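Protein chains: 4
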Amino acid sequence: MTVGLNERAKGVYVIAVTPFTDTGEVDIASIDRMVDFYEEAGVDGLTVLGQLGEAPKLTAAESRQVVERVLERLQGRLPVVVGVSAPGLAPMRELADAVMGAGAAGVMVLPPWTLRTDDQIHGFYRSVGEALGDTPFVLQDYPLTTNVQIAPGVIERIVRDVPTCVMLKHEDWPGLAKIGALRAASDAGRMRRISILCGNGGLFLPEEMERGADGAMTGFCFPEMMVGVCRLFEAGEREAAHRLFAAYLPLARYEQQQGLGLAVRKYVLAKRGVLGSAKLRAPGPALSTADVADVERLLAAQERRLAEIGA
Amino acid sequence: MTVGLNERAKGVYVIAVTPFTDTGEVDIASIDRMVDFYEEAGVDGLTVLGQLGEAPKLTAAESRQVVERVLERLQGRLPVVVGVSAPGLAPMRELADAVMGAGAAGVMVLPPWTLRTDDQIHGFYRSVGEALGDTPFVLQDYPLTTNVQIAPGVIERIVRDVPTCVMLKHEDWPGLAKIGALRAASDAGRMRRISILCGNGGLFLPEEMERGADGAMTGFCFPEMMVGVCRLFEAGEREAAHRLFAAYLPLARYEQQQGLGLAVRKYVLAKRGVLGSAKLRAPGPALSTADVADVERLLAAQERRLAEIGA
Amino acid sequence: MTVGLNERAKGVYVIAVTPFTDTGEVDIASIDRMVDFYEEAGVDGLTVLGQLGEAPKLTAAESRQVVERVLERLQGRLPVVVGVSAPGLAPMRELADAVMGAGAAGVMVLPPWTLRTDDQIHGFYRSVGEALGDTPFVLQDYPLTTNVQIAPGVIERIVRDVPTCVMLKHEDWPGLAKIGALRAASDAGRMRRISILCGNGGLFLPEEMERGADGAMTGFCFPEMMVGVCRLFEAGEREAAHRLFAAYLPLARYEQQQGLGLAVRKYVLAKRGVLGSAKLRAPGPALSTADVADVERLLAAQERRLAEIGA
Amino acid sequence: MTVGLNERAKGVYVIAVTPFTDTGEVDIASIDRMVDFYEEAGVDGLTVLGQLGEAPKLTAAESRQVVERVLERLQGRLPVVVGVSAPGLAPMRELADAVMGAGAAGVMVLPPWTLRTDDQIHGFYRSVGEALGDTPFVLQDYPLTTNVQIAPGVIERIVRDVPTCVMLKHEDWPGLAKIGALRAASDAGRMRRISILCGNGGLFLPEEMERGADGAMTGFCFPEMMVGVCRLFEAGEREAAHRLFAAYLPLARYEQQQGLGLAVRKYVLAKRGVLGSAKLRAPGPALSTADVADVERLLAAQERRLAEIGA
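If you read the sequences in order, they're chains A, B, C and D.
Start counting the first sequence at 4; every next residue gets the next number (my numbering).
Start counting the second sequence at 4; every next residue gets the next number (my numbering).
Start counting the third sequence at 4; every next residue gets the next number (my numbering).
Start counting the fourth sequence at 4; every next residue gets the next number (my numbering).
In isolation and in its complexed conformation, chain A is listed as follows:
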């Protein structure tokens, strides 16, 4: 059985997509292939039902089905974090209890977009901690989507007051200074040192590692890039990490477009044989002919660059 999520988590927790068939049904066979693909790419964990997992488009029953299938396929070989963000605490707790009972390692919670002041944000996460009981959770800090800006000092207060907050999914933009501020806070003994895994499609991963991040939690369609960068940093080969990253950057940048990016990600994952269909569930964008031409050009150029650096 998997151990619960804790402050020492590191490496790559890939944000899993949710596979659908062309007619919009949850695609179980593709879930299995996807789990295998991520595992073979060397990730350290999976995060399911995130924003880019199209979680809000699933019914309650489908949400549990997806989680259960992923857990079953993994058989405890890797920890699974489940997004449980909901407008109210009661439905959040209901889903969290269900998935923890099924074997998840922890859950992830996004702040509602109505929060503004420091105290409102702190108060929200204290309520979350109380509602979730013993379940360890990830604070997802994603202002580009939520419009909620969480100052480092507020994260400090949350970490101090809510012992089950064990990880930050760092997705502030720009946000490099925040990583430094949080590491300084724990170095100075003002808060526990929590795990910091970074999002934003990996677009700043090497710089984030330089500042003290523990890894990535995002869903770039070439998870081997993120695994490679994290392992090279672990091995002290920073220069090689930066070089590997640069080879993938043009595509990573393209995939990081808000909204459209998930269609790019699913297109590439389908092309790589992972997904049976590249389709997003409605409402969701689809790639145009011009978009596909961009992606194909980027894939070809990426292959050339990888060959040049011998990766």
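Keep in mind that the hints were calculated from the coordinates and are not lab data.
Given the structure is predicted, the values throughout are model-derived calculations rather than measurements.
One thing to keep in mind: the hints can contain errors.
Because identical chains cannot be distinguished in the list, a pair is counted as satisfied if it fits within a single copy or across any two copies.
[To be verified] Here are the simulated lysine-lysine pairs, DSSO-like style, with alpha carbons at most 30 angstroms apart:
hint : residue 1 : residue 2
1    : K181      : K13
2    : K13       : K274
3    : K282      : K181
4    : K181      : K274
For chain A, the structure is supplied; the task is to place chains B, C and D on it using the hints.
What follows is chains B, C and D alone, placed relative to chain A:
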């Protein structure tokens, strides 16, 4: 059995609160008393699971429980509209199908806060229409809460393209011109004449009736005011309607405070013997001593004014 | 000469409109009549170039012209506060220095809409204090317009760190609890007791006075209501204050509509002989026939209610 | 004398920074060096007083001083576009008239953040057209900063109704589809073909050129990249353009961080000998030691990559 909601709906569809016990459980006995209270006040319909019904704080199971209890108590004597707003179409349809199967007359849908352009809003409601099938629905236009501004021309397009959109819950602020624009559009034959029931705590009800609204859909703690105003307008006694309204306005204004207002509403409903507890489910505000003093002063003054006009 | 604005300011500082001719030019003759009108109504000060003074529509030269004319007409009999909000500190200081040199008592500063976290807000007002030098200023707290939510604790920090912040224009909504929290903070010695004058069109003025506000800073077209309420509170006649307020409330509520409200205000001020034209400078709304009918009905009913209470 | 800006503008209109001394004064000597630097880099025009030119931090007098110095240094060799965005039409026109009189080629206007519906946006730009008279202007479409989303159909309506709107500064994100939609609209004869120059730090420049953009209007600290990409596209050497772009992308991505990015840009321009000081006027961010380390690492790697491709 109740007939389905349609374009001819008028009068007062009261936004029902969701009663909780002091410990935060759904309070079934209070639901029954509340249904009776609203019915005795003379309302023409009930709307449950609205934003001010604390819908987002309920689990899926509780949501259905509340709807079923209300329907059971009413035994089809009044139509019930159910709020089914959800971040995705699949969970929205799931709840809508369940409550329509149980006897609801229609559902209500709020636009997600991420919508901006006219086409995005139109596209969203077209998807809603497709997802909901035959179920008649209410377009809830509430920019103060959603930040989504829907121009009259966009409502026109939606009404033209989505035949199951039968009612506007008008809650734009300021919004009197919108009522006039929509009535002009249907008078000119550019769109069906739909039902327009107004929200905003009834704070502009007489002016809204002057512009052609069909009534109110809001939850002011004295529904008899809204019923009285609508009936006086129906009877052509506009002057008396304005006078009745003015007697209740100081409290209506106080209850219309964002966030805190619901605590005021529940306090008064508890004081009037309708609710067993004035408590909101967490997270939610509670009245301070100073707030309660305000409300008691307002209630006393309201009673004096009502006596003066012989109401 | 007028003394500078300080923490002991109280009563009514009316938000002055900016009069324009029908062709959109600044109307000097109407400025003179308006100043006389406000003075005769018994106000304690004037605030010019506020948001509802259409300040952003004026050129730099016009802004100074308006301020100078008001100051000249007043001859120091009443203090004048000038709105100097600007996107940058340099243009803010430039205008502030000019108007203080011309005899203004103080200035008023709105936070830019991009501020979010507590520290950002605090940092902004500290920069404002530094940029303005000795000039006393009013912190304008108006989230409905700016989207910036300032927690009471942040105001505390600003008042502690910025000695020239002498007044809060309280326009949070809902915001009664904030007045209480700030009074508690100064009672407990955690901050200076600053002046709190309330906005929002006077819509909550009696309740704000109950919580410890010092008066009003808003522009309701019957300033005699605000003067009356403040004087009755000063005299301990709270009951009479509430009754006077209720007589004006239906119109005050109507005037408080965002955007349209200023056109209502100018219509009434023109009808009362104060302004030569009710016109707003473009871009700005104009009243429709239906709006005018509403206002006329409200004025007639207000007169009746005032006669009934002998005011 | 420079000809006025028109629909045929293409290539690189660089967004000029505003140089300040270490003590925050406008730095005239650096303006001269900067103009020379941009001209030597081969740009086709300059845009001054943009958002990233720190325009809102300048007084009215300083704004004119900067424009006049740039125009004087250029002696008409390149066209200059001036940002004149202002909260009201009167101050916007005042600045526009002044700079056009001094020899600018056109002006640029950002929509105010309060606009939401299609009609509001269209109405705003129609007013702008009327206020500016004959002055040709650039519609700046920058939702990441303004929160205003302008649908392609709205741009169509503006271009049809406002003949002086000759260029789109395209800075929507994601926005590639918008370029295609606008080109389709002019190909189909539904609107004039206007110039489209793209922003966002050049982060999507090659893909934008593929969709039919005419060039770039942004301020990346290596304008030679943008010039090179545009010229290679002009020469039909698309492959080489994509390769050149990729060599600069890691730094361009880093410079594109909101807020902090301008400090990066000024750091590099100072290092390159263009600016006397890298300082932003207050309030503005400064680079930390860790930020500088990032930039230096990126510059070194960029040099290696450029050597590898022989650029």
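Q. What are the numbers of the hints that this structure violates, sorted from low to high?
A. Of the numbered hints, all hold.
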